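Here are the chains, one letter per residue:
Number of protein chains: 2
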Amino acid sequence: MNISALLTSAGINIGFCALFLSLYSILRKQPSNLYVYFGRRLEKENSRYQDPFTLERFVPSAGWIVKAWEVTEDEILSIGGLDAVVFLRIFVFSIRIFSITAVVCVFGVLPVNYFGQEMQHGRISSESLDVFTIANVKGGSKWLWVHCTALYIITCSACSLLYSEYKNISQMKLAHVTGSPPNPSHFTILVRAIPKSTEEYLTDTIRNFFTNYHGSSYLSHQIISRTGKFQKFMSNAKKVYKKFVRIRVTALDNKCRPSLYRCGLCGVVSNSFQFYHSDYNGKRTDLQHSDTRKRKECSAAFVFFKTRYAAVVASKVLQTSNPMQWVTGIAPEPCDVYWPNLWIPFGQLWIRRLATLLATIVFMFLFLIPVTFVQGLTQLDQLQQKFPFLNRIPNKAFVIQFVSGYLPSVILQVFLYSVPPMMMMFSTVEGPISRSGRKRSACCKILYFTIWNVFFVNVLSGSIISQLHIFSRPRDIPVHLAKAVPRQATFFITYVLTLGWASLSSEVLQTFSLSYNWMRKYIFRLKDDPNAVPSFPYHTEVPKVLLFGLIGFTCSILAPLIVPFLLVYFFLGHLVYRNQILNVYSSYYESGGRMWPIVHNTTVFSLLLMQIIALGVFGTKDAPVASGFTIPLLIFTLLFSEYCRHHFNPIFKNFSAQDFIEMDREDEQTGRMKDIHMQLLTAYCQLPPPTTNTEETYYDDSETGDARNQVTI
Amino acid sequence: MNISALLTSAGINIGFCALFLSLYSILRKQPSNLYVYFGRRLEKENSRYQDPFTLERFVPSAGWIVKAWEVTEDEILSIGGLDAVVFLRIFVFSIRIFSITAVVCVFGVLPVNYFGQEMQHGRISSESLDVFTIANVKGGSKWLWVHCTALYIITCSACSLLYSEYKNISQMKLAHVTGSPPNPSHFTILVRAIPKSTEEYLTDTIRNFFTNYHGSSYLSHQIISRTGKFQKFMSNAKKVYKKFVRIRVTALDNKCRPSLYRCGLCGVVSNSFQFYHSDYNGKRTDLQHSDTRKRKECSAAFVFFKTRYAAVVASKVLQTSNPMQWVTGIAPEPCDVYWPNLWIPFGQLWIRRLATLLATIVFMFLFLIPVTFVQGLTQLDQLQQKFPFLNRIPNKAFVIQFVSGYLPSVILQVFLYSVPPMMMMFSTVEGPISRSGRKRSACCKILYFTIWNVFFVNVLSGSIISQLHIFSRPRDIPVHLAKAVPRQATFFITYVLTLGWASLSSEVLQTFSLSYNWMRKYIFRLKDDPNAVPSFPYHTEVPKVLLFGLIGFTCSILAPLIVPFLLVYFFLGHLVYRNQILNVYSSYYESGGRMWPIVHNTTVFSLLLMQIIALGVFGTKDAPVASGFTIPLLIFTLLFSEYCRHHFNPIFKNFSAQDFIEMDREDEQTGRMKDIHMQLLTAYCQLPPPTTNTEETYYDDSETGDARNQVTI
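Protein chains in written order, with UniProt numbering: chain P, 1 to 713; chain Y, 1 to 713.
Everything labelled a hint here was simulated from the structure, so no lab data went into it. Fair warning: this is a prediction, and the values are worked out from it, not measured in the lab. Keep in mind that a hint or two might mislead.
Since copy identity is lost for identical chains, a pair holds within one copy or between any two.
[What the hints assert, rightly or not] Calculated pairs, BS3-like style, for lysine-lysine (alpha carbon to alpha carbon, straight line, at most 30 Å):
1) 167 to 196
2) 653 to 138
3) 167 to 67
4) 521 to 483
5) 196 to 138
6) 653 to 306
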């Protein structure tokens with residue numbers, strides 16, 4: 001590939017992007033797509049969009065870009081929660097660091113690479129891309145110092161930026177905890193592995209234990225009943241009921257709360273359950289198995305405390321001398337609770353974790369099979385030699401073109417689409433108690449998967465499985481990577497250009513959602529469902545962005561041409577995701593910025609990988625001094641990572657006593673505590689609340705933004 | 001080596017052992033060696049031994065064996081503490097598991113190995129030892145099933161024994177916590193990284209913080225002052241003073257306590273310090289630098305609470321939103337505190353830990369240099385080829401005999417003696433706050449060192465450094481080990497025979513202590529020092545015993561002849577160490593059985609290593625089915641280890657709220673709480689108490705045993 005081909009490819013991709021964005025700016029103005037592009041706002045602001053038919057609707061405009069640009073971080077925080085802010089900070093960080101990298105690499109490294117060999121350079125546009133990579137630098141060249149300096153500049157600025165981001169985000173997280181309205185989860189712990197007694201009821205066991213050992217601060221508790229099929233049936237019944245009767249949502253809501261409130265007080269949901277659902281159509285026979293349900297009480301419960309501090313104390317201390325009984329932990333937020341997993345016996349969790357870890361690793365390696373298959377398809381001539389019957393196929397030329405040009409990417413994409421649901425399933429089986437925890441776990445799995453299957457497998461391309469032995473000789477990895485990464489630089493540039501930019505276009509267009517909406521409306525003739533607003537898919541988007549960061553770091557020194565394209569990706573991505581957070585996705589639950597440690601660790605890993613590859617390159621280029629200078633950088637990066645882990649990580653895992661005690665005191669002084677206690681008893685409702693269908697929005701954040709009735713586009 | 005040579009070697013070693021033990025039984029009866037062999041009892045029972053000169057004193061006797069045998073576990077617990085019991089449990093466990101192994105291997109594996117090849121067996125006594133190893137079994141033999149079954153039996157019985165030991169010891173540990181007299185450390189936390197303020201004194205900062213956030217349970221605090229040189233000078237001064245004045249220890253003790261009591265109340269030791277030491281000879285000028293000492297206050301303090309539960313809560317909860325400030329943890333027992341490390345700023349700890357880890361690894365590899373040198377000496381003919389000047393040495397035959405026969409082991413032993421002090425130094429630098437923690441850390445380091453340098457380096461013997469590349473190819477390790485371990489079986493048998501048995505003889509004879517005592521008495525004409533009783537060197541003895549366990553497990557299947565010799569070692573060791581705990585060593589401080597998780601993990605590691613080696617052996621012997629059956633065993637062992645980690649490990653790290661609350665209640669009901677609070681304020685005394693010289697015995701366990709004035713031998 002030469003420069004002109006690259007520029008052509010870039011031009012085509014820019015054209016496509018412009019086309020898609022214009023298409024988006026038109027489609028978003030069509031009333032029929034309103035629920036696709038403005039789901040969050042329609043849901044939050046309870047408004048309907050009435051637009052007269054004008055010509056303007058069919059003219060592309062850039063207004064949405066301006067609007068997305070103008071939103072402040074505080075607005076994002078109030079709309080999308082801390083997670084959205086943290087997600088956007090990845091882009092801010094990436095833009096900053098890759099701007100520095102761009103300056104260093106384009107003005108420092110690129111000329112050195114270009115003039116690395118004593119050769120006649122032709123016209124720049126017809127130069128091969130390899131001339132711009134480190135492969136063009138002579139072995140033993142003195143100019144490798146430039147690369148080493150660039151490495152130092154990039155690492156140091158990345159570390160200082162990472163540090164300031166981590167510091168900012170941890171401060172934001174603290175402010176979020178102390179500044180937000182009283183949160184029921186701060187007063188609640190989840191107790192698991194409660195020992196079952198034949199003499200007394202579970203509820204008595206719990207009450208006795210906590211009044212005995214935490215008597216001064218214990219408020220109440222709520223037993224979790226094992227749901228499974230029963231709950232499935234109930235939500236199905238509810239759907240059917242809604243379809244036929246169309247009762248007013250608010251009326252049902254009002255009816256539900258008092259009954260649950262009473263049940264919360266006495267600690268049992270089950271009794272109020274029948275009352276609540278007795279309006280539903282006559283499936284009473286199933287409901288009346290109250291004694292069978294009693295057996296389905298699982299040995300877990302939410303326990304409510306009078307103060308936040310008491311809850312945090314009870315969650316931290318080992319309760320009894322048997323570490324597998326009365327296991328406590330801070331409860332997730334009510335809307336974040338992943339109910340189906342609460343029944344899992346605590347003793348099973350560690351084995352589930354091990355099993356899913358194993359399954360994930362097996363899945364990652366099994367995925368090599370389609371990849372190898374696809375690579376086989378592109379080398380069809382080799383296949384023909386091995387399987388002569390392929391020669392007998394008629395229309396050979398067309399088949400070969402189709403098979404080698406089109407099929408491979410289709411097959412890969414189909415397989416890649418199966419990854420997020422698969423990983424989400426693994427994460428569900430793992431047994432997290434919160435939705436955000438499940439998403440975070442899936443995010444990590446997809447991240448490992450992506451880095452392994454996109455970066456490493458592509459770098460070691462050719463016949464991957466035959467190259468796997470590299471990993472059995474850890475010492476040779478740097479040299480192998482040093483040889484392979486520059487060779488694959490062109491691939492990564494086109495990867496950023498096509499898949500990176502295209503994924504943003506597809507994200508903003510919401511292709512899948514759009515076609516689903518179109519099918520619903522025009523084929524199945526269904527009406528819009530205002531409650532089917534998706535939540536932000538952090539588990540797929542975070543790995544994607546981090547992968548581009550990894551590619552950027554590892555290629556920046558070796559093939560600096562990639563950096564400008566990456567910068568465009570991050571700029572565009574920043575705008576697109578701001579727009580999506582503003583308009584499309586709803587934040588039902590949030591992890592409170594706990595995504596950031598993952599981002600931080602991945603970035604540190606990318607830096608380390610960059611340095612290891614540089615070490616290999618300096619080794620193969622006979623630059624022992626540059627190699628020697630890279631090792632302190634490696635050590636420095638590792639120390640930096642440890643430093644951050646000690647200084648910031650605990651904030652994301654624990655609540656501080658000081659903050660909680662002061663919040664408690666403030667609430668007591670203002671007399672709010674009574675109200676909070678009353679709210680607390682109804683906060684955790686195991687049954688899916690009647691307002692939403694797929695996602696629960698029980699616990700609302702304070703609603704923000706102007707309550708316009710008209711959505712302005 | 002053949003059987004008769006082995007039996008000869010065993011005979012010689014048995015003879016030596018018998019000789020040493022008889023020597024011990026005579027030497028222990030000599031009054032001049034009383035402080036060598038009965039240090040603990042003389043110290044505890046404050047008695048003097050008066051023995052008339054009789055002939056009996058020079059006749060060997062086995063009375064001590066009977067006495068050591070008759071002591072019950074409860075007596076050991078009261079004399080040596082939980083750590084001693086845990087240490088002896090290693091022997092009990094080893095005897096049990098290796099008895100099972102002996103039965104399985106001698107009756108199952110040994111005949112299969114012996115008749116593995118179709119060959120004419122001569123007289124057994126002249127058979128080579130290799131005939132008894134797995135190397136004698138034909139490749140593809142059906143009889144390898146016996147080995148696989150033995151592997152299953154050994155692993156399963158080891159796991160079940162390990163499980164029951166872990167369970168027993170954790171119950172013992174719990175009983176020890178709840179059953180022992182009120183322990184000041186349960187009421188105390190160590191606060192580090194207290195932020196310094198320019199406006200108020202450190203003591204006010206601490207008082208304000210804890211009265212503000214833990215007001216209901218805060219009792220008092222004691223600031224730790226940085227000691228270093230000052231304290232060293234003081235303890236030297238004290239030694240000088242003691243030498244010249246010979247005051248009564250008890251008088252001084254009585255004088256010390258009230259003054260310290262007062263200082264504890266106001267939270268400052270420094271003022272009472274001058275009073276306490278004003279009796280000492282006139283070095284007052286140095287003492288009067290009270291203002292310089294004020295600057296040396298370090299930002300750490302012991303904080304006392306009114307109840308145990310409050311202390312455990314304060315130690316577990318993150319105090320402020322800055323995880324690097326107000327860091328809390330349960331305090332060690334008063335006599336267990338390692339004062340010199342308390343001044344270390346908390347922020348330094350992680351970097352110290354990393355640095356010592358690195359230093360330990362470097363030391364482990366640097367140790368290969370003497371090992372290689374020694375191996376070079378044994379292959380002198382090769383050296384001669386390389387360095388021809390060696391041929392010109394006169395008396396060649398003698399030099400060669402000396403160099404190749406005697407020097408290597410001397411050099412190795414000298415180097416090996418340097419390991420425990422070196423590791424202890426590393427552990428000190430690491431910054432543990434307790435003596436037991438330091439010993440535990442050193443124990444782990446010595447354990448890794450021993451396993452690496454005795455097991456792996458010997459297995460991969462020859463030219464070790466050239467064999468190091470094995471570890472860069474992890475997949476080949478089982479095969480390499482499978483080839484190397486049976487080859488080294490003879491070496492390990494002689495290792496057990498000589499070093500194992502000899503180390504026990506040397507332990508019981510106390511060779512070093514004996515010669516030191518002799519030198520003191522007859523060369524320097526010093527009197528006995530009743531306070532110089534050593535504490536039990538767990539950090540050197542535990543790794544030694546565990547190494548023999550590791551050798552036993554790994555060799556049992558491959559070369560079953562080793563097992564009987566190991567059994568003898570464990571039996572003898574059990575007796576010897578019982579005797580030593582009873583008579584020689586004092587228990588000044590204890591870790592509460594926290595050595596056991598290390599023992600457990602090492603044993604699991606040994607089992608895994610045994611299985612991995614078996615996997616390699618089955619692979620090289622063409623027994624794929626047996627290999628296949630070994631893999632589930634590996635997985636089972638890993639799962640077992642995880643299971644135990646989840647079920648028992650937290651007990652060794654945390655105190656349970658239930659136990660502590662009940663202990664608090666009991667103390668409050670019996671009215672003991674006031675007394676405990678009073679004691680608490682004087683419990684932590686930073687200055688070395690006047691009773692001992694090298695070790696602190698401030699906090700006495702309830703004295704046990706009969707208070708005879710006469711020591712019965």
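How the hints compare with the structure:
| no. | hint | result |
| --- | --- | --- |
| 1 | 167 to 196 | between (45 Å within a copy, 22 Å between copies) |
| 2 | 653 to 138 | neither (50 Å within a copy, 58 Å between copies) |
| 3 | 167 to 67 | within (28 Å within a copy, 64 Å between copies) |
| 4 | 521 to 483 | neither (53 Å within a copy, 71 Å between copies) |
| 5 | 196 to 138 | neither (74 Å within a copy, 56 Å between copies) |
| 6 | 653 to 306 | both (22 Å within a copy, 29 Å between copies) |
Hint compliance for this structure: hints 2, 4, 5 are broken, all remaining hints hold.
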